[in-house]
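Position chain C relative to chain P; hints supplied.
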Amino acid sequence: MSSKTSDKIGLTFSVKLSVLYALFFVISSIGLFLVTYYLIHDLVEQREREIISSRIDEYRAWYEEGGIRALKTRFDQQSASTGDCYFVRIVSPRGNALFVSIPKGFDGFDATRLGIIQPTGDDLWVSIKGQAEENAWTVGMAKLSDDLTLQVGKSTTQSRELLSYFRTIFLITVVPILLLGIIGGGLLTFRAIRPIRRLIQTVRNILRTGKTSTRVPVSGGSGEMEELVSLFNQMLDRNDSLIRAMHNSLDNVAHDLRTPMTRLRGVAELALQDSEGGESCREALADCMEESENVLTMLNVLMDVAEAETGVMKLDITDVPVRQVVHSVIEMYEMVAEEKNISITEDLSDEIIISVDRIRFRQVIANLLDNALKYSSEGGHVNISADRKGGMVSVSISDDGIGIPHGEMDKIWNRLYRGDHSRSQRGLGLGLSLVRAIVHAHGGSIKVESEPKKGSEFIITVHGLSPLSGI
Amino acid sequence: MRILVVEDDEKIASFISKGLKEAGYAVDVADDGVDGLHFGTTEPYDAAIIDIMLPGLDGLSLIERLRTKGIKTPVIILSAKRSLDDRINGLERGGDDYMTKPFSFSELLARIQALIRRSASVPESAVLGMGDLTIDRLSREVRRGDVPITLPSREFALLEHLLRNQGRIISKTSILEHVYDYSFDPQTNVVDVLVCRLRNKIDRDFGTKLIHTVRGMGYVLKDK
Numbered sequence: 001m002s003s004k005t006s007d008k009i010g011l012t013f014s015v016k017l018s019v020l021y022a023l024f025f026v027i028s029s030i031g032l033f034l035v036t037y038y039l040i041h042d043l044v045e046q047r048e049r050e051i052i053s054s055r056i057d058e059y060r061a062w063y064e065e066g067g068i069r070a071l072k073t074r075f076d077q078q079s080a081s082t083g084d085c086y087f088v089r090i091v092s093p094r095g096n097a098l099f100v101s102i103p104k105g106f107d108g109f110d111a112t113r114l115g116i117i118q119p120t121g122d123d124l125w126v127s128i129k130g131q132a133e134e135n136a137w138t139v140g141m142a143k144l145s146d147d148l149t150l151q152v153g154k155s156t157t158q159s160r161e162l163l164s165y166f167r168t169i170f171l172i173t174v175v176p177i178l179l180l181g182i183i184g185g186g187l188l189t190f191r192a193i194r195p196i197r198r199l200i201q202t203v204r205n206i207l208r209t210g211k212t213s214t215r216v217p218v219s220g221g222s223g224e225m226e227e228l229v230s231l232f233n234q235m236l237d238r239n240d241s242l243i244r245a246m247h248n249s250l251d252n253v254a255h256d257l258r259t260p261m262t263r264l265r266g267v268a269e270l271a272l273q274d275s276e277g278g279e280s281c282r283e284a285l286a287d288c289m290e291e292s293e294n295v296l297t298m299l300n301v302l303m304d305v306a307e308a309e310t311g312v313m314k315l316d317i318t319d320v321p322v323r324q325v326v327h328s329v330i331e332m333y334e335m336v337a338e339e340k341n342i343s344i345t346e347d348l349s350d351e352i353i354i355s356v357d358r359i360r361f362r363q364v365i366a367n368l369l370d371n372a373l374k375y376s377s378e379g380g381h382v383n384i385s386a387d388r389k390g391g392m393v394s395v396s397i398s399d400d401g402i403g404i405p406h407g408e409m410d411k412i413w414n415r416l417y418r419g420d421h422s423r424s425q426r427g428l429g430l431g432l433s434l435v436r437a438i439v440h441a442h443g444g445s446i447k448v449e450s451e452p453k454k455g456s457e458f459i460i461t462v463h464g465l466s467p468l469s470g471i
Numbered sequence: 001m002r003i004l005v006v007e008d009d010e011k012i013a014s015f016i017s018k019g020l021k022e023a024g025y026a027v028d029v030a031d032d033g034v035d036g037l038h039f040g041t042t043e044p045y046d047a048a049i050i051d052i053m054l055p056g057l058d059g060l061s062l063i064e065r066l067r068t069k070g071i072k073t074p075v076i077i078l079s080a081k082r083s084l085d086d087r088i089n090g091l092e093r094g095g096d097d098y099m100t101k102p103f104s105f106s107e108l109l110a111r112i113q114a115l116i117r118r119s120a121s122v123p124e125s126a127v128l129g130m131g132d133l134t135i136d137r138l139s140r141e142v143r144r145g146d147v148p149i150t151l152p153s154r155e156f157a158l159l160e161h162l163l164r165n166q167g168r169i170i171s172k173t174s175i176l177e178h179v180y181d182y183s184f185d186p187q188t189n190v191v192d193v194l195v196c197r198l199r200n201k202i203d204r205d206f207g208t209k210l211i212h213t214v215r216g217m218g219y220v221l222k223d224k
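If you're matching them up, the sequences are chains P and C in order. The opening position of the first sequence corresponds to residue 1 in the working numbering, with each subsequent residue numbered one higher. The opening position of the second sequence corresponds to residue 1 in the working numbering, with each subsequent residue numbered one higher.
It is worth saying that the hints were derived from the structure and are not from the lab. By construction, the Cβ of each residue, glycine as well, lies at the ideal position given by its N, Cα and C atoms. Treat each hint with caution, since some may be false.
[Unchecked claim] Okay, derived cross-link-like pairs now, DSS-like style, lysine-lysine, Cα gap no bigger than 30 Å in a straight line:
no., chain 1, residue 1, chain 2, residue 2
1, P, K340, C, K201
2, P, K374, C, K18
3, P, K314, C, K209
4, P, K454, P, K314
5, P, K340, C, K18
6, C, K222, C, K101
7, P, K143, P, K72
8, C, K101, P, K340
9, C, K18, C, K224
10, P, K374, C, K172
11, P, K411, P, K340
12, C, K81, P, K314
[Unchecked claim] Quick look at which bits of chain C chain P covers, simulated, 3 or more residues with Cβ under 8 Å:
no., stretch
13, 53-62
14, 77-90
15, 179-185
16, 188-197
One chain only, chain C, in its complex shape:
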C-alpha cells in the first residue's frame, strides 16, 4: 500500500509519514503542489493526503487536475479552515474526505483505511469482532464468548464505532460525532458516562478488559 502526502509544513509532513510508515504503508512526500501533481500522475497510489494551502499549485486545484487526468486515488484534504462551506467546496472539487487541523493522527489513519477499504470496494461483513467479542450489525446481537449481551442503541453504536477502529485511539469528539451526531464539546462528561455504561456490560464481568482509556486522547478497543 502506497500513500502520497502533499504538505508543505515539514514537521507535519514528517509526523504523518512517520506514522504511516509505522502502520505499514509506503509513503512519498511532496512539499509543493507541482511536485504533488508530478508524483500523483506518474505513480500509482492507494490514497493521497493533500493540504489545501500549498506553494506552486494549491491543493484543491491539484485534486482537480488529478481528477481530470482520470486518477481516482482517494484523497483526504487537510485544511486549517473548519467552516462547512470550505468542507463542501473541498469535497465538491474531488476530495473524498476532509480533515481540519489540528487533527489526531489516529483519526487520520482510521479515515485513510476507511477510504482504501471503500475504494477497494470490499463489502464490509455484517459481523464485527475482536477476541471473544462479536457483534452482528444486522441482527444487532452482541456476544462475549457464549454470553449474549443486550445493548441499548447508543451503546451499540459506540461499540460498533470502537470495533471498526479497533486498536486505534478514538477521541471523545469522534465518539460524539458518530454516536450523537453532535459536533461540539459538551462540558459535562457525556462520553465518559456512555463509555462507563458500555464497560459495565462488556468488560466488568469478564477477565480480559477490552476498552481502555488513554488519558488526554480518548479510548481504544484492544484485547491486550
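With the rest of the complex left out, here is chain P:
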C-alpha cells in the first residue's frame, strides 16, 4: 500500500512539473507574440499616417496656391495618372462639404460621420470601420487657412490583412509550441527526477527484501540530486554498519554469557540434586551469587564495548589535567601494587591537559594499570608517563612484566581473548577490547609495544589542549 502511494506521489510530481513547464512555455510564447504583434501594429499604423500626412501637406500646398479649384484640378490630374485611391474632403466649420472625392474601394465608407469632428490641434486621426469586417480606413484631418478642414483618408485593409495573416500564423504555430512545451517539460522532468525514481526504487527494494546492502545507482555528475543520492547512500552505509555492529555485539553477548550461565545452571542443578542440603547448599548458593555477579559485570562491560564501538556511548568531554586522572587510579591500585611489591612511578606534568570523559578515561587507565600489575612479577616496576605533541597527548603505561608473545600481539584486542599466560589470572578478558573501544570513541588511538619476558608498553593517544590554546 505504501509503495502505491509513493508511486502516485512520484507520478503526480512529474506530471505537475511538466504541466507547469508547458504552461510557462506557452505563456511566454503568447507574451512574445503579443509584444511583437503590437510593435508591428504600431509600425504599420505609423507608416499609414506618414503617407497620409505627406498627402495632407501636398494638398494643403495646392489649396494655399489656388484654392479649392486648383486643388480639384491637380487632384484629378494626379489620380488619373497614378491611380491613387485617397479619400479627400474639405469641410467648412458648419459641416458643409466643399469638396469630396471618394475613390473606388471605399464601399461602405460613411463620410458624413467625419463631418462633425473638428481637429483641435494640428492634426487628428480617426479610424473608421466599414460594414464588412475586412474594410477599414484611417482618416487624417488638418486645418486649412480659412477655417476649413482638410480630411484625407486611406484604406488600411492591406495592413489589416497583414496583421491578420500574422495572427493566423501564430494560431497555427501555437499548437506545435504547446506540444513542444509538453514534450519538453515531460522530458525535462523525466530526466530531472530520475535520481529520485532510483531512490524510490532502492528504498522499495530494501523494504521489500530487507537487503540493506542495496545502494542507489550513482549517475555521476554534480548537482543537488546527485548529492542527495550520494548522501542517501552514505546514510545507508552508516545504517548498515551500525546494524551489523549491533548484530555482531548481540551475537557476542549471547555467546559470552552462555559460559557463565552454564556454570550457574550447573551449580544450581547439582545443589538441587543434593539431598543433604545444609552447608553444601549454602556453598552452592554462594557460587550462584558469585556467578551471577560475573554475568552482570560481563553484561555491563559488553554493553559498554558495544556502545563505544557503535558510537552511541555518551561522553561528557571536559578538559582535565592528565595527572589528576592518573593519580586517582594509582591511588586505587597502590595497595595491590604494594602487596605484590611492585613499584608504580609516574612522570606527569600538571600542564598537560586532556579532553576526555573523566569517568571513562579513568576506566581506561584503571584497566591498563590493572593489566600491568597483573602481568608483572614480584619486585617489578610500572611507569606511567604523558607526552604532548601538538594537539594530541600520549599516555604511556609500561611494565617490565612477562610481555606478550609475538604471535599474540594482534589477538589481545579481541573480545574474551586471554593469553595462555593469563588464564590463571582473574578477569573477564574484556578489559582491552573495552579500553580500545573507549579510546576510539574519544577519537583517539591505542597501540602496544611488547617484548616477551621484558615487558609491555601501552600508548594511548587522545586529544589534548595544546599549550597555545590553553588559558
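Chain C in isolation, oriented as in the chain P frame:
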C-alpha cells in the same frame, strides 16, 4: 514504619516485601501505577519503592503526581536503565534515590534506612561504633576498647561505610563507589586488598572478629 512498594513484577515485589517485613517494616504492595497513586495519597508512608515501568501510570508520572499533591514521602526509584541521563531524569522528577536492577536487597534496605533517617532529619552523631570499636568522624580517631588505631584515609572511609551499614552485607561495588568513587569493576582485587589491610588493623590482634566475608556477596560488619 510503613513502606509502599509499587512494582508490577510479582516475584520482585514479593522478595522486596518479604525482606522489608523481616527487617521490621509494614509493607503495602501495589502492582500498577494507579493503585500506587491511590495508596500513596490515602495512606501515610515513611518511604516508597517505585518501579519506573508500570502498567496504568508509569513510575515517574506517579512520583510527579504524588509530589504535586504535596506528599513528601521519600521515594527510591527502581529501574532497569542504568544510564546517567535516566538517573538524573528520575531524581529531577521527584525521586530521592535511584537503584538499577538487578540490585542486592541489602543495599536497597540500607538506602531506605538512609532515606528515612534523612527525612526524619535526625542529625547523625559524629561518633559511630559497634561493640568495643568506635570511630569519631570529626577527629578521625579510631579505638578498639582502649587501644587507639591509626588508619589511612581510604581504610577509614571503608570502616565508616561498614559502620554506617553495620549488620548488612556490603558489596564490593558499593565499597568501590564509596571509597574510590569508581563505578566499574576492576579485575584485580582492589577491594579485597583494602579489606585485608583494614582487617589486619582492627581485627587481627583482637578476640572478636568484626569484619566477615560473605562469599559471593561482599562483606559485613557484625560482632557476632
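Hints, one by one, checked against the model:
no. : hint               : result
1   : P:K340 with C:K201 : holds, 19 Å
2   : P:K374 with C:K18  : violated, 42 Å
3   : P:K314 with C:K209 : violated, 45 Å
4   : P:K454 with P:K314 : violated, 38 Å
5   : P:K340 with C:K18  : violated, 44 Å
6   : C:K222 with C:K101 : holds, 27 Å
7   : P:K143 with P:K72  : holds, 17 Å
8   : C:K101 with P:K340 : violated, 36 Å
9   : C:K18 with C:K224  : holds, 24 Å
10  : P:K374 with C:K172 : holds, 19 Å
11  : P:K411 with P:K340 : holds, 27 Å
12  : C:K81 with P:K314  : holds, 14 Å
13  : 53-62              : violated (count 0)
14  : 77-90              : holds (count 4)
15  : 179-185            : holds (count 6)
16  : 188-197            : holds (count 6)
In this structure, the earlier hints numbered 2, 3, 4, 5, 8 and 13 are contradicted, and the remaining ones agree with it.
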